[in-house]
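The listed protein sequences derive, respectively, from chains A and B.
The first sequence begins at 189 in our numbering and counts up one residue at a time.
The second sequence begins at 350 in our numbering and counts up one residue at a time.
The hints are simulated quantities; they were obtained by calculation from the structure and are not laboratory data.
Some hints here could point you the wrong way.
Derived, one-sided and incomplete: chain A residues facing chain B with beta-carbon distance under 8 Å [what the hints assert, rightly or not]:
| id | residue |
| --- | --- |
| 1 | G267 |
| 2 | A268 |
| 3 | Q314 |
| 4 | V319 |
Beta carbons: idealized from backbone N, C-alpha and C, even for Gly.
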Amino acid sequence: MSVFQFILQNHEEVLELTLEHLGMVAASTSLAVLIGIPLGILITRRPGWEKPVLGGANIMQTIPSLALFGFLLPVPWIGARSWRLAVLALTLYALLPLIRNTHAGIKGVDPAVVEAGRGMGMTDRQLLWQVEFPLALGVIIAGVRVATVISVGVATIAAALGAGGLGEYIFRGLSMVNNQLILAGAIPAALLALAADVSLGWVERRLRVG
Amino acid sequence: MNSFLQDGLAIEFRDVVYRPVHGQEIVSGLNLAVERGETLVLLGRSGSGKTTTLKLINALISPSAGSVRVEGQATTVWDPIRLRRGIGYVIQDAGLFPHFTVERNIGLVPSIEQWPAERIRARVLELLQLVGLDAGLRSRYPRELSGGQRQRVGVARALAADPPILLMDEPFGALDPLTRAELQREFLALQQRLKKTVVFVTHDLREALLLGTRIALMEAGQLVTVLPKEEFTRSSDPLVARYMDAFSGGIDGKRGLE
């Protein structure tokens, strides 16, 4: 039986796992956006925080995903449900591209433009929301795009905790030494990643100014 | 000193020193007064401290020693936001916001000053006319304009809230010679009508002689001399003479600047 026949025959289950997968990615990326973008902005305002925050996010990225799931297991409330655990771990992974791109995007705004704004009497807040943030938005969306694609990949490992998603097929296939089953999880996951990349790339291009 | 006379000054530098936290002095021992309604040109080569001097006026930087007074009050005492909204600021390449239309760029200060929308619209149209731009350009973005048009928008933006003081940092430096000459002429005409206090930075002696009522020559962070332009050309100061030399001899090779 080919992979595609398998997917067709089990399309309901495939769809369910895909939706679970998407749910985890959407929840974690949203959380990461809510935390990462403000943090990225904050460190452009407090230069002393730049190194520790970016360094911390960097270290997070280097922890292998299975180990991170393990570390989070004893955390109360979070560890109680595998879905929460998976979402938190994915959020932590998605933070680095968001913080880094927000920071780089705002720092990358033409200093002459910022100084012109300051020279005309804009407050720091006005400068941020009317000038720096809109001009950095393209770079920030690029960060969201990277974070989303990473999340789609890492989310397959969430199945090891029983959080569901397309990783179910991959782990099942691994234990049964069934390549078709592995591909039945891997191909939809790859397509999801591609779709996220293309659609966010389109948004990114639309928001770039200049 | 006569306090009445001091009150008549728009801007005054008193023993001003500026040294960045890590670095050498950029402005040293500067004493300079700008009278209301005059165009004072800060002339000097690159790195002579002209732009720094300008930024001390609108408090983009604070003096390390001495004081800069605007309308009789030290810039360190002024609320920087209030101070800057009363000072128009024009820089090279205009520094327009690339994501704002011409209309929003020009209406920036009125909009952060929370003027009603109708009044901003009317003001923008008035300013477009003042700087010689077609009203149809107001929905364009800066990248859709020529260099000369952008610079006109920059001037209009600086004038939007009718500030009494205008700071111009090599505003025409990046323009081709013909457009530059055109904008210089228009600036003169505009200044005749508006009578703003203008501090104008340039490294171009011709521009200084054309636009300034007085010329302050700077070199290595210090004020060499400040003279009305008529006297400037006759000054015996060796640095002034070198400037005159560098700029003398037009296309036909004649010496002298008359």
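(message) Tell me the hint numbers this structure goes against, listed in increasing order.
(response) 1 and 2
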